[in-house]
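Protein chains in written order, with this note's numbering: chain Z, 1 to 236; chain C, 1 to 334; chain G, 1 to 292.
It is possible that part of the hints are untrue.
The list that follows gives simulated cross-link-like pairs (lysine-lysine, DSBU-like), each with its CA atoms no further than 30 Å apart [unchecked claim]:
id: 1; chain 1: C; residue 1: K108; chain 2: G; residue 2: K281
id: 2; chain 1: C; residue 1: K310; chain 2: C; residue 2: K179
id: 3; chain 1: Z; residue 1: K131; chain 2: G; residue 2: K90
id: 4; chain 1: C; residue 1: K6; chain 2: C; residue 2: K131
id: 5; chain 1: G; residue 1: K90; chain 2: G; residue 2: K59
id: 6; chain 1: Z; residue 1: K67; chain 2: Z; residue 2: K26
id: 7; chain 1: C; residue 1: K131; chain 2: C; residue 2: K2
id: 8; chain 1: G; residue 1: K185; chain 2: Z; residue 2: K156
id: 9; chain 1: G; residue 1: K162; chain 2: C; residue 2: K310
id: 10; chain 1: Z; residue 1: K67; chain 2: G; residue 2: K90
id: 11; chain 1: Z; residue 1: K221; chain 2: Z; residue 2: K3
id: 12; chain 1: Z; residue 1: K52; chain 2: G; residue 2: K86
id: 13; chain 1: C; residue 1: K310; chain 2: G; residue 2: K90
id: 14; chain 1: C; residue 1: K106; chain 2: G; residue 2: K279
id: 15; chain 1: G; residue 1: K264; chain 2: C; residue 2: K187
id: 16; chain 1: G; residue 1: K90; chain 2: C; residue 2: K108
id: 17; chain 1: C; residue 1: K179; chain 2: C; residue 2: K3
id: 18; chain 1: G; residue 1: K86; chain 2: Z; residue 2: K131
id: 19; chain 1: G; residue 1: K185; chain 2: C; residue 2: K106
id: 20; chain 1: C; residue 1: K179; chain 2: C; residue 2: K106
id: 21; chain 1: G; residue 1: K281; chain 2: C; residue 2: K106
id: 22; chain 1: G; residue 1: K162; chain 2: C; residue 2: K187
id: 23; chain 1: C; residue 1: K131; chain 2: C; residue 2: K3
id: 24; chain 1: C; residue 1: K108; chain 2: G; residue 2: K185
id: 25; chain 1: Z; residue 1: K156; chain 2: Z; residue 2: K197
id: 26; chain 1: G; residue 1: K162; chain 2: C; residue 2: K106
id: 27; chain 1: Z; residue 1: K52; chain 2: G; residue 2: K185
id: 28; chain 1: C; residue 1: K312; chain 2: Z; residue 2: K52
id: 29; chain 1: Z; residue 1: K52; chain 2: Z; residue 2: K131
id: 30; chain 1: Z; residue 1: K156; chain 2: Z; residue 2: K26
id: 31; chain 1: Z; residue 1: K131; chain 2: G; residue 2: K264
id: 32; chain 1: G; residue 1: K279; chain 2: C; residue 2: K108
id: 33; chain 1: Z; residue 1: K131; chain 2: Z; residue 2: K197
id: 34; chain 1: C; residue 1: K131; chain 2: G; residue 2: K59
id: 35; chain 1: C; residue 1: K312; chain 2: G; residue 2: K90
id: 36; chain 1: G; residue 1: K90; chain 2: C; residue 2: K179
id: 37; chain 1: Z; residue 1: K67; chain 2: G; residue 2: K86
Okay, the calculated bits of chain G under chain Z, using three or more residues with CB under 8 Å as the criterion [unchecked claim]:
id: 38; region: 6-18
id: 39; region: 179-185
Everything labelled a hint here was simulated from the structure, so no lab data went into it. Glycine included, C-beta positions come from ideal geometry on N, C-alpha and C.
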Amino acid sequence: MLKLENVTASYGFANVLHNIDLSIEKNEIVALIGANGAGKSTTLKAISGVVKLNSGQILFNDVRIDKLRPEEIVSIGIGHVPEGRRVFPGLTVLENLEVGASGWRGMKSTDLSRDLDRVFEMFPALKPRIKQLAWSMSGGEQQMLAISRALMSRPKLLLMDEPSLGLSPLLVQNLTESIKIIRENGTTILLVEQNAKMAFDLADRAYVLEVGEIALSGYTKDLRTDDRVKAAYLAA
Amino acid sequence: MKKVSKIIIMLLLAIIILSVPHLIKSDYTLHVVNLAGIYAICVMGLVFLLGFAGQLSLGHSALMSIGAYTTGLLAVELNLPFVITFPAAIVVSMLFALLIGIPTLKLKSFYLAMATRGLNIALFIVLINWKRFTHGADGIVNIPRPSFAGFTIQTERAWFYFIVAILIVCYIASRNIEKSRIGRSFKAVKEGELAAEVMGIDVYRTKILAFVLSSALAGTAGCLFAHLNQFICPNDFNITQSVTLLSMSIFGGSEYLLGGVVGAYVLTFLPEALRFLQTYARFINGILILLIMILAPSGLFGVVSSLFEKLKRQKKLDPPNNSPNIADVEGMEN
Amino acid sequence: MSGILPQLLFSGLAIGCIYGLVGLGFIQVYNAVGLTNFAQGEFVMLGAYLFVSAVVIWKAPFWVGFLFLLVGMAVIGFLFTRGVYKPTYKAGRFAFLLASVGLSMALQDLVVLIWGPVPLYMPRLVSESSFNIGNVFINPQHIIIIGSTILLLIIQYLIFQKTPLGKMMRATAQDQFAATLSGIKVPLMIIFTFVNSSILAGIAGFLVGPVFSVTPSMGASAMLKGFVGCTIGGWGSIPGAVLGGILVGIIEIFSSFYISSAYKDAIVFLVLILFLLFKPKGIFGETVSEKV
Ligand SMILES: Nc1ncnc2c1ncn2[C@@H]1O[C@H](COP(=O)(O)OP(=O)(O)OP(=O)(O)O)[C@@H](O)[C@H]1O
Ligand SMILES: [Mg+2]
Chain Z
1 MLKLENVTAS YGFANVLHNI DLSIEKNEIV ALIGANGAGK STTLKAISGV VKLNSGQILF
61 NDVRIDKLRP EEIVSIGIGH VPEGRRVFPG LTVLENLEVG ASGWRGMKST DLSRDLDRVF
121 EMFPALKPRI KQLAWSMSGG EQQMLAISRA LMSRPKLLLM DEPSLGLSPL LVQNLTESIK
181 IIRENGTTIL LVEQNAKMAF DLADRAYVLE VGEIALSGYT KDLRTDDRVK AAYLAA
Chain C
1 MKKVSKIIIM LLLAIIILSV PHLIKSDYTL HVVNLAGIYA ICVMGLVFLL GFAGQLSLGH
61 SALMSIGAYT TGLLAVELNL PFVITFPAAI VVSMLFALLI GIPTLKLKSF YLAMATRGLN
121 IALFIVLINW KRFTHGADGI VNIPRPSFAG FTIQTERAWF YFIVAILIVC YIASRNIEKS
181 RIGRSFKAVK EGELAAEVMG IDVYRTKILA FVLSSALAGT AGCLFAHLNQ FICPNDFNIT
241 QSVTLLSMSI FGGSEYLLGG VVGAYVLTFL PEALRFLQTY ARFINGILIL LIMILAPSGL
301 FGVVSSLFEK LKRQKKLDPP NNSPNIADVE GMEN
Chain G
1 MSGILPQLLF SGLAIGCIYG LVGLGFIQVY NAVGLTNFAQ GEFVMLGAYL FVSAVVIWKA
61 PFWVGFLFLL VGMAVIGFLF TRGVYKPTYK AGRFAFLLAS VGLSMALQDL VVLIWGPVPL
121 YMPRLVSESS FNIGNVFINP QHIIIIGSTI LLLIIQYLIF QKTPLGKMMR ATAQDQFAAT
181 LSGIKVPLMI IFTFVNSSIL AGIAGFLVGP VFSVTPSMGA SAMLKGFVGC TIGGWGSIPG
241 AVLGGILVGI IEIFSSFYIS SAYKDAIVFL VLILFLLFKP KGIFGETVSE KV
């Protein structure tokens with residue numbers, strides 16, 4: 001479904017990503033793990049068209065997308081839940097969701113209710129809070145909102161950047177369940193995580209990124225037993 | 001080797017400077033050269049503030065007017081000599097800078113910009129309307145020439161040497177400050193206030209110091225202006241004049257003291273050369289600022305120095321790939 | 001004598017509405033891109049000139065003149081985004097600010113070149129003679145100003161709170177990165193923001209034209225006062241900016257009457273400095289320190 005081929009990207013001078021090859025099949029959950037500063041978020045930004053490539057290409061359903069603008073990428077079905085949630089603080093919960101839908105559809109955001117129902121079904125906690133301003137919500141609620149906002153654009157592929165960050169173990173558990181449901185509903189997921197244990201529990205396959213290069217990749221069940229992975233990411 | 005060439009350059013420069021008043025026959029032209037020198041002093045103050053410390057003043061001609069009116073009133077009303085009125089002018093302009101700096105420099109940077117513009121407007125109104133004190137729109141006339149121990153600086157030629165001497169003193173002092181710890185703390189504040197604070201720099205005080213020093217140079221310029229022209233009126237120091245001073249500093253490159261000096265001379269002479277365009281002066285000036293900011297925000301010196309760097313780099317190795325690759329989503333960095 | 005107080009309040013309110021509109025344009029741009037546009041005052045002036053050209057010079061009907069103003073200001077807002085904002089916003093902290101200062105100066109001269117230096121007369125919608133309610137004299141234009149401002153504020157409220165476009169503009173102002181990832185065309189939203197704020201400025205010029213005369217410098221002091229209004233209201237608060245502007249208008253009228261009309265702009269400046277000294281966060285309290 002998604003294919004990164006030889007992707008190299010940089011902010012100004014220094015290259016941050018070197019020759020990244022990565023692919024995701026339909027209905028998979030693929031994890032991307034790595035240390036701080038390894039380039040995980042940059043990879044997601046490259047897919048979303050926010051960071052342009054120096055070389056290489058990105059294919060989505062066999063069509064090149066690396067020249068598209070960010071909003072075009074959303075509209076062809078790639079959603080992105082950014083690192084640190086970044087809900088719109090001064091907008092209400094409902095407005096956050098509406099913006100998620102209208103950003104994708106343009107000005108005419110009709111037929112919202114079905115999408116809203118779908119989202120509230122997954123995150124019932126949001127429903128009674130639709131009039132609340134987003135900044136006043138707890139971290140866990142904000143994460144649900146951020147995911148819901150991305151789901152409003154009916155993504156076929158959802159990029160999630162460290163959704164478990166700052167959540168209590170119980171909430172991480174809930175989040176894990178939600179992500180599973182999102183996949184069952186037919187959305188493919190690329191999950192960036194520091195919490196490697198959670199990522200390995202969820203994902204079918206994983207890539208390990210080290211200083212901008214793919215160091216390892218494979219099925220999670222195989223990676224789990226890899227000594228390097230164990231030492232670096234699963235030690236606890 | 002380097003030292004020798006430096007000395008030769010200095011000598012050449014000295015000869016050129018000393019010969020200027022002999023090459024220029026017309027008193028009027030020399031007068032314009034002298035005015036440009038005075039503006040150069042004020043523009044160095046702007047470089048201090050904008051280029052070094054990263055603070056913007058839109059009202060430097062107001063600070064000049066403080067210096068001019070202080071010396072003018074003291075000299076005309078109280079008959080005080082230049083050796084007293086000159087430092088008084090500087091001190092009073094520094095006090096005004098404190099007055100404006102204290103409430104604004106704690107806040108976001110556009111407050112100083114707007115407050116100095118406000119000062120410019122308000123001071124203009126006061127100078128026009130407080131007739132008993134400032135003589136209103138008529139201005140102050142017959143401001144005496146400065147004299148030291150019986151020698152009066154009378155001719156334009158004498159003024160030329162006088163102004164160049166003060167300009168050089170100001171330049172050397174400013175250059176020394178730039179290289180000192182204070183100068184480095186200015187630049188640290190410009191780079192990022194939070195980081196500067198972490199380094200142990202008192203950001204607020206540093207900004208105030210930059211503004212006060214800048215105002216001292218403006219006051220110096222204003223004082224010289226009053227004694228050179230022997231007449232000052234509120235219109236010499238309006239908003240347009242402030243913006244002209246700013247365009248001088250950014251034309252040369254607001255991070256370079258010498259850039260400011262060059263900018264002052266060029267932009268004082270340009271309108272003289274383009275006399276026939278006089279009616280469009282403000283229009284041209286405004287467009288000039290706009291274009292500099294769009295095309296070369298680092299000014300003449302900035303462009304030249306980055307060209308030099310490019311040449312240097314090409315001599316060494318292949319140039320690094322420095323194409324900015326962040327997508328052109330406007331204002332992405334909040 | 002008893003009539004003088006309500007009368008001053010009423011004129012202050014009317015003039016203050018103008019400053020409120022200027023401040024509203026200021027704050028929308030500030031919220032969206034974190035920059036202050038020093039040409040905002042000249043946009044006020046341009047609005048007045050556009051209307052006068054259409055109605056007085058080309059003898060167009062009133063409503064055509066107003067339409068011309070709206071379209072003209074929208075075009076100006078668009079050109080401003082493309083020609084000034086876009087090339088400068090990345091080039092250091094003051095590039096945009098200085099560029100807008102340069103533009104404002106150029107525009108003041110440009111209108112002299114086009115329309116001449118003589119103040120122009122702006123036709124009125126209503127009669128010039130004032131009438132009185134009790135012993136309060138009322139200038140009909142003041143009623144027009146207050147009424148139009150209220151109408152405009154309602155329209156702005158509806159746009160920003162109720163339409164998808166308005167919500168997307170607010171989202172963009174709050175977090176451009178998140179807005180981009182939500183599929184919003186951020187550059188377009190920024191254009192809309194500038195267009196909206198220049199239309200507000202243009203309408204302010206249309207409203208104030210009959211009160212002051214239409215001159216090249218009419219925008220300069222309106223800008224300072226709009227800014228002071230935003231400061232009083234606390235940068236970031238939209239109702240604060242409008243109320244702050246109204247307060248500035250009232251202060252101006254009162255100080256003209258009780259102190260001196262020649263010094264009124266200087267007094268407004270004094271108010272700015274006092275506010276920065278004692279209440280830098282404004283009445284509505286928004287954090288303004290550099291570090292946020
Ligand atoms: N906007 C930017 N400008 C310049 N350099 C950047 C920018 N964003 C990230 N970088 C650099 O790129 C590298 C990769 O950053 P990235 O955010 O992709 O890391 P990450 O793997 O997501 O780390 P983390 O786990 O901490 O989120 C880092 O060295 C970082 O400093
Ligand atoms: Mg990251």
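### Query
Does the alpha-carbon distance linking K90 of chain G and K179 of chain C stay inside the 30 Å limit?
28 Å, holds
### Task
Compare the distance between the alpha carbons of K131 of chain Z and K90 of chain G with 30 Å, and conclude whether the hinted pair is satisfied.
Measuring from Cα to Cα gives roughly 36 Å; hence the hint is violated.
### Query
Are the Cα positions of K52 of chain Z and K131 of chain Z separated by 30 Å at most?
37 Å, violated
### Pair hint outcome, K52 of chain Z versus K185 of chain G [Cα-Cα no greater than 30 Å]
With Cα atoms ~17 Å apart, K52 of chain Z and K185 of chain G stay inside 30 Å; holds.
### Hint consistency between K221 of chain Z and K3 of chain Z [alpha-carbon to alpha-carbon, up to 30 Å]
22 Å, holds
### Message
Given the hinted pair K310 of chain C and K179 of chain C, is their Cα-Cα distance within 30 Å?
### Response
The given pair, whose Cα atoms are some 25 Å apart, holds under the 30 Å limit.
### 30 Å Cα cutoff - pair K90 of chain G, K108 of chain C
Satisfied, since the Cα-Cα distance of roughly 18 Å is no more than 30 Å.
### Query
Holds or violated: are the alpha carbons of K52 of chain Z and K86 of chain G at most 30 Å from each other?
19 Å, holds
### Query
Going straight from one Cα to the other, do K312 of chain C and K52 of chain Z come out at no more than 30 Å?
The hint holds at about 29 Å.
### Task
With a cut-off of 30 Å on the C-alpha distance, tell me whether K312 of chain C and K90 of chain G pass.
Status holds; Cα separation ~26 Å.
### Query
Holds or violated: K90 of chain G with K59 of chain G, Cα cutoff 30 Å?
44 Å, violated
### Task
Would you check the hint for K86 of chain G and K131 of chain Z, treating anything up to 30 Å between C-alpha atoms as holding?
35 Å, violated
This entry does not satisfy hints 3, 4, 5, 7, 9, 15, 18, 19, 22, 23, 26, 29, 31, 33, 34 and 38, going by the numbered hints stated previously.
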